[in-house]
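Given two chains presented individually in distinct reference frames, assemble the corresponding complex, making use of the accompanying hints.
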Amino acid sequence: MREEEFSAAYESYSDALFRHCYFRLYDREKSKDIVQEAFIKTWEYASKGTEIENTRAFLYKVLNNLIVDEIRRKKALSLEILLEGGFQPIDSKEGRKNLENFSDFKDLLKIIHKMEESKKNLLIMRYVDELGPKEIAHILGENENVISVRLNRALKEVKEIFHNE
Amino acid sequence: MNDELEKIFKKGKEVRLNPSEKEKMRDFIISYARKNERKQKLSIFSIFKTIPAIISIVVIFSGIGVSFAAERALPGDILYPVKVGVNEEARGLVALSDEKKVKWLATVAERRIEETETLVKENRLDSSAKDKIEKNFEEKTKKIEEKLKSIAEKSNSVEAEEVSRNLENALERHEGVLKELSEKKSESKEEIESVLGNVKSFRESIRKSREGSEKRRGLLDVSLLSATSSSATSTEGEEEDEEERD
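Residue numbers (the working numbering), protein chains in the order written: chain A, 1 to 165; chain B, 1001 to 1246.
If we strip away everything but chain B, and leave its shape as in the complex, we get (with noise of 0.2 Å):
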C-alpha cells in the first residue's frame, strides 16, 4: 500500500464518538445490560446444567434411605460397612463436646456387644464376624477412655464419673447376657468368651479410672469446702461491719 493512501486511511481515524455522546450510550448500554442481566431461560442447556444437581440430590436421600436401613445390618451384611463407616462415624463427628462423643462411644460399643448376642442367637457368629465386632469394639473402648481421661482433665470429673458408672453398669448387664449364651449355644461358644473377655478388661479398666477419680475428687472435695466456707465467714464479717457503721 503506498504510502499517501495509508495516510489518507488513517484519516479516518479521527472519526469517532465525541466524549457526550460516548457517554450517553454507554449509560444506555449499562443500564440496558443491568436489567437484563442473565435472565436464566430454561434451555435445554440449562437442564443440562442441573442434571448433576438433580443427581447429587437423589443420590443424598437414597443415600439416607440406605444409612436407615443400614442401622439394622449385623456383621456379614451388605449395610453393615455403611453402618459401622458412615453412620456412627457421622453421629461420632455431629456430637461436638468430649461429654457428647463419649455417650455417643459408649453407646456404640454397646451396640458392638448387642450384634454378637443378636448373631449368637441368630446362629450367626462366626470368627469373621467375631473379628469384626472386636475390632470395632478395642478401637471404641481406647477411644472412650481416651475422653474421659481429657474430660477428667478438663475438671469435670464428675461427668466423667457418671459416664463411666453408666457404662460400667451396662457393661456387666451385657456380660450377664454373654455368659447366659455361651452356656447355650456351645458351638459358639469360643467367640463369645473371647468378647466376653474383652468387654470385661475394658469394664474392669475404667472402673479402677473412675474409683481413683472419685478418691482424688474426694480429697479436693473436702479442700474446696474449706476454702469457700473461710471465704463466706469473711464475707459476712464485712456485712455485718458495715450495718455497724450504719
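Here chain A stands alone, though its shape is the one from the complex (with noise of 0.2 Å):
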C-alpha cells in the first residue's frame, strides 16, 4: 500500500469507523485513540509488503479486534450513567445544532446498549456503518448466509425492543 492510498483510506472510512466505534464503546475519546490505533496498525501490516485486498474490509476487523480488547479490559459503564454524565453522543457544537433529534439518539442507543455485543456489532456495521452481508461476513471471517440469519434475529430483537418502549 502506498502512502496516498493510506491517505484516501483515512479520508474515506475514518469517520465511518469512528462512528462505529462510538456505538460500541460510548466513549468519543477512547473511540479517536482506537481509530486511530486501526490505522496504524493496518499501515504496519501493509509495509511488510502483504498486500491488502479489500482495506475497509481490514480496517474494520483491526478496528473490532481492538474494540473488543478494550472491552474486555475495561467493561462499558452503563448508559444511565454516561447520561447523567453530561455524556455527549455527538460532538458538542454540531449536537446542540439540532436537539430535537436528539431524542431519538437516546432512543437508539438504548436500543443498541440492551443487546449482547456480538448482536450490537452486527447492527452497527449493517445500519449505521452500511456494510453489506457480503462484506461483514468477511470482516468477521463467517459465512454470509450464517450473517444475513444473525442479522435478522438482531433486527427482531431491536424492533421488540422498540415496540415495547
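Warning: the hint list may mix true and false statements.
No farther apart than 25 Å at their CA atoms in a straight line, the calculated lysine-lysine pairs in the DSS-like style are these [to be verified]:
1. B:Lys-1154 - B:Lys-1208
2. B:Lys-1083 - B:Lys-1100
3. B:Lys-1035 - A:Lys-106
4. A:Lys-61 - B:Lys-1189
5. B:Lys-1103 - B:Lys-1143
6. A:Lys-32 - B:Lys-1010
7. A:Lys-32 - B:Lys-1143
8. A:Lys-106 - A:Lys-134
9. A:Lys-159 - A:Lys-32
10. B:Lys-1143 - B:Lys-1100
11. B:Lys-1010 - A:Lys-159
12. A:Lys-119 - B:Lys-1010
13. B:Lys-1013 - A:Lys-159
14. A:Lys-159 - A:Lys-134
15. A:Lys-61 - B:Lys-1143
16. A:Lys-106 - B:Lys-1103
17. A:Lys-114 - B:Lys-1010
18. B:Lys-1103 - B:Lys-1035
19. A:Lys-30 - B:Lys-1022
20. B:Lys-1013 - A:Lys-110
21. A:Lys-106 - A:Lys-48
22. A:Lys-32 - A:Lys-156
23. B:Lys-1035 - B:Lys-1024
24. B:Lys-1007 - A:Lys-110
25. B:Lys-1132 - B:Lys-1189
26. B:Lys-1035 - A:Lys-41
27. A:Lys-30 - A:Lys-41
28. A:Lys-120 - A:Lys-156
29. B:Lys-1083 - A:Lys-30
30. B:Lys-1007 - A:Lys-159
Everything labelled a hint here was simulated from the structure, so no lab data went into it. As the structure is a computational prediction, the values presented were derived from the model and not from experiment.
Okay, here's the thing in C-alpha cells:
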C-alpha cells in the first residue's frame, strides 16, 4: 500500500470507523484512540509487504479486534451513568444545532445498548456503517448466510425492544 | 426494517470526527506512515523474493566464465557458438564508431583464418568446420567492406586506407601460412585451398578499393593544398595592411 492509498483510506473511512467504535464503546476519546490505532496497525501490516485486498474490510477487522480488547479490559459503563454524567453522543457544536433529534439518538443508543455485544456489532455494521452482509461476513470471518440469519434475529430483537419502550 | 427504526439508525450517521480532530489524527497517522515506510524486514518471503536476483547473478558470473573459456574454442567445440555468436557479437556492439567496428571485424576475420590454421595443425579441419569458418568469414568480410566504404564516405578515407592496408598485410601473411600448410597436410588440402581462395579474393577486393581511394585523395589533396595556400597568403596580406596602418 502506498502512502496515497493509505491517505485516501483515511479520508474515506475514518468517520465511519469512528462512528462504529463510538456506538460500541460510548466513549468519544477512546474511540478516537482506537481508530488511530487501527490505521497504524493496518499500515504496519501493509508495510511488511503483505497485500491487503479490501482495505475497508481490513480496517474494520483491526478495529473490531481493538474494540473487543477494550471491552474485555474495561467493562463498558452503563448508559444511564453516561447520560447522567453529561455524555455527548455527538460533537457538542453540531449536536446542539439539532437538539430536537437528540431524543431519537437516546432511543437508538438505548436499544443498541440492550443488545449483546455480537448483535450490537452486527447492527452497527449493517445499519450505521451500512456495510453489506457479504462484507460483514468477510470482516468477521463468517459465512454470508450465517451473517444474514444473525442479522435478522438481531433486527427482530431490536423491533421488540423498540415497540416495548 | 421499519421506517421509524431506520430513521433512528440513520441518526447515528451524525456521529463523526470534527474537522480538527480529523486533521489532527490524519497528521499523526500520515507522519507515522512516513517514518515507518517499508522497513524491509528480512523475512522468509523477502529471501524468496531475492532468489531470482541471486540466480541471475550466478548465471551472469558463470556466464563470464563460460564466455572466457569459449574464447579458445574451435569449430566443432561445444563452446564455439558462444565465441562466435556471443563474445564476438558483444564486442562488436561495444565498438561504437565505424573505425572501431571495422578494426574489430578485421580481427574477427583474422581469427577465422587462425582457427583454420590451428585445426589443420591438429588434424581437425573437416568440411563442416571449414563451412562454419567460411560462412562467418564471408559475413565479416562483407561487413568490413561496407564499413570501409562508409568511413571513406565520411571523408575519413585516410583512416579507411590505413585499416585496409593493415588488414591486407595480415591477410598476406596468413596466405603464406595456409599455402605452407596445404603442402604439408595433403589430407585437408582441399579445405585449406578453399579458405585460401576466400582470403585471397577478399584481400584483392579491399586492395582495389584502397588504391582507388588513394588515387582520388591524391587529386583531392592537391586541390586542397592550393586552396589553403591561397587563403594563407591572403591573411598574410591583411596583416601587412594592418601593420602599414599602424
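Going down the list of hints, with the structure as the test:
| no. | hint | result |
| --- | --- | --- |
| 1 | B:Lys-1154 - B:Lys-1208 | holds, 19 Å |
| 2 | B:Lys-1083 - B:Lys-1100 | holds, 19 Å |
| 3 | B:Lys-1035 - A:Lys-106 | violated, 42 Å |
| 4 | A:Lys-61 - B:Lys-1189 | violated, 85 Å |
| 5 | B:Lys-1103 - B:Lys-1143 | holds, 11 Å |
| 6 | A:Lys-32 - B:Lys-1010 | holds, 21 Å |
| 7 | A:Lys-32 - B:Lys-1143 | violated, 76 Å |
| 8 | A:Lys-106 - A:Lys-134 | violated, 29 Å |
| 9 | A:Lys-159 - A:Lys-32 | violated, 30 Å |
| 10 | B:Lys-1143 - B:Lys-1100 | holds, 13 Å |
| 11 | B:Lys-1010 - A:Lys-159 | holds, 16 Å |
| 12 | A:Lys-119 - B:Lys-1010 | holds, 18 Å |
| 13 | B:Lys-1013 - A:Lys-159 | holds, 20 Å |
| 14 | A:Lys-159 - A:Lys-134 | holds, 23 Å |
| 15 | A:Lys-61 - B:Lys-1143 | violated, 69 Å |
| 16 | A:Lys-106 - B:Lys-1103 | violated, 93 Å |
| 17 | A:Lys-114 - B:Lys-1010 | holds, 18 Å |
| 18 | B:Lys-1103 - B:Lys-1035 | violated, 56 Å |
| 19 | A:Lys-30 - B:Lys-1022 | holds, 14 Å |
| 20 | B:Lys-1013 - A:Lys-110 | holds, 16 Å |
| 21 | A:Lys-106 - A:Lys-48 | violated, 43 Å |
| 22 | A:Lys-32 - A:Lys-156 | violated, 31 Å |
| 23 | B:Lys-1035 - B:Lys-1024 | holds, 17 Å |
| 24 | B:Lys-1007 - A:Lys-110 | holds, 15 Å |
| 25 | B:Lys-1132 - B:Lys-1189 | holds, 17 Å |
| 26 | B:Lys-1035 - A:Lys-41 | holds, 14 Å |
| 27 | A:Lys-30 - A:Lys-41 | holds, 16 Å |
| 28 | A:Lys-120 - A:Lys-156 | holds, 13 Å |
| 29 | B:Lys-1083 - A:Lys-30 | violated, 72 Å |
| 30 | B:Lys-1007 - A:Lys-159 | holds, 13 Å |
The structure fails hints 3, 4, 7, 8, 9, 15, 16, 18, 21, 22 and 29 (numbered hints given earlier, in ascending order).
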